[in-house]
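Enquirer: Here is what each chain is made of, one letter per residue.
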Amino acid sequence: SAVISQKPSRDICQRGTSLTIQCQVDSQVTMMFWYRQQPGQSLTLIATANQGSEATYESGFVIDKFPISRPNLTFSTLTVSNMSPEDSSIYLCSGQVDEQFFGPGTRLTVL
Amino acid sequence: GQQLNQSPQSMFIQEGEDVSMNCTSSSIFNTWLWYKQDPGEGPVLLIALYKAGELTSNGRLTAQFGITRKDSFLNISASIPSDVGIYFCAGPIQGAQKLVFGQGTRLTINP
Numbered sequence: 003s004a005v006i007s008q009k010p011s012r013d014i015c016q017r018g019t020s021l022t023i024q025c026q027v028d029s030q031v032t033m034m035f036w037y038r039q040q041p042g043q044s045l046t047l048i049a050t051a052n053q054g055s056e057a058t059y060e061s062g063f064v065i066d067k068f069p070i071s072r073p074n075l076t077f078s079t080l081t082v083s084n085m086s087p088e089d090s091s092i093y094l095c096s097g098q099v100d101e102q103f104f105g106p107g108t109r110l111t112v113l
Numbered sequence: 414g415q416q417l418n419q420s421p422q423s424m425f426i427q428e429g430e431d432v433s434m435n436c437t438s439s440s441i442f443n444t445w446l447w448y449k450q451d452p453g454e455g456p457v458l459l460i461a462l463y464k465a466g467e468l469t470s471n472g473r474l475t476a477q478f479g480i481t482r483k484d485s486f487l488n489i490s491a492s493i494p495s496d497v498g499i500y501f502c503a504g505p506i507q508g509a510q511k512l513v514f515g516q517g518t519r520l521t522i523n524p
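Protein chains in written order, with the numbering used here: chain E, 3 to 113; chain R, 414 to 524.
Hints listed in this document are in silico derivations from the structure and should not be mistaken for laboratory results.
If the Cβ cut is set under 8 Å, some of the chain R residues that face chain E in the computed set are:
id	residue
1	E454
2	G455
3	L458
4	F501
5	Q510
6	Q516
7	G517
Label pairs and their calculated CB-CB ranges:
id	chain 1	residue 1	chain 2	residue 2	range
8	R	I426	E	T58	39 to 45 Å
9	E	F63	R	V457	23 to 29 Å
10	E	S55	R	A491	45 to 51 Å
11	E	T81	R	E430	42 to 48 Å
12	E	Q16	R	N418	37 to 43 Å
13	R	P524	E	G54	47 to 53 Å
Just so it is clear, CB atoms sit at the ideal spot from N, CA and C, and this is done for glycine as well.
Let's have the full structure, built from the sequences with the hints guiding it.
Expert: Next comes the structure, spelled out in structure tokens:
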């Protein structure tokens, strides 16, 4: 089965800065998604990363705050912009082959 | 929108006991997925169910797709320490491939 890696695995950032998270799949996938998991909570979909076009965002998430790129069928990035402590979460990338499979997540702490 | 209600939220059991958790919705789902998340990791797919009434096993895990298509159950028999983690049900939002997740069931096992 396909494997997803994410970089960085964790980071501690200052408020007001931005962090870009990379997601790499070891095989081509048609669909890629980005999720947020706040401490002790379930997963919430941020957006669908579309190859070659703008991502499709869920209610409550906007492109200015969470710009997403997907230049090809194996790679995507999520940027968390102008961070505040409320952005402290685990950010998870997923790809779809039959069903969705997930990367290990990026644990972000904003001070 | 479609929501999944998962229960119980947490379970504290003795090693060797059987475990049962469930997921319900007011909406119909055509697919039910069960994931497990270990600390510091992304969710891993355990079982996928595609047909109402379907009963599927994966080792000591058994899951069922409810006849009404509005619920699903996951059972774990003879629990062992490595079963500790958070179990999530999930299903695709109708007409799309993006997933909605239940709140999760946190399983703790006393040796």
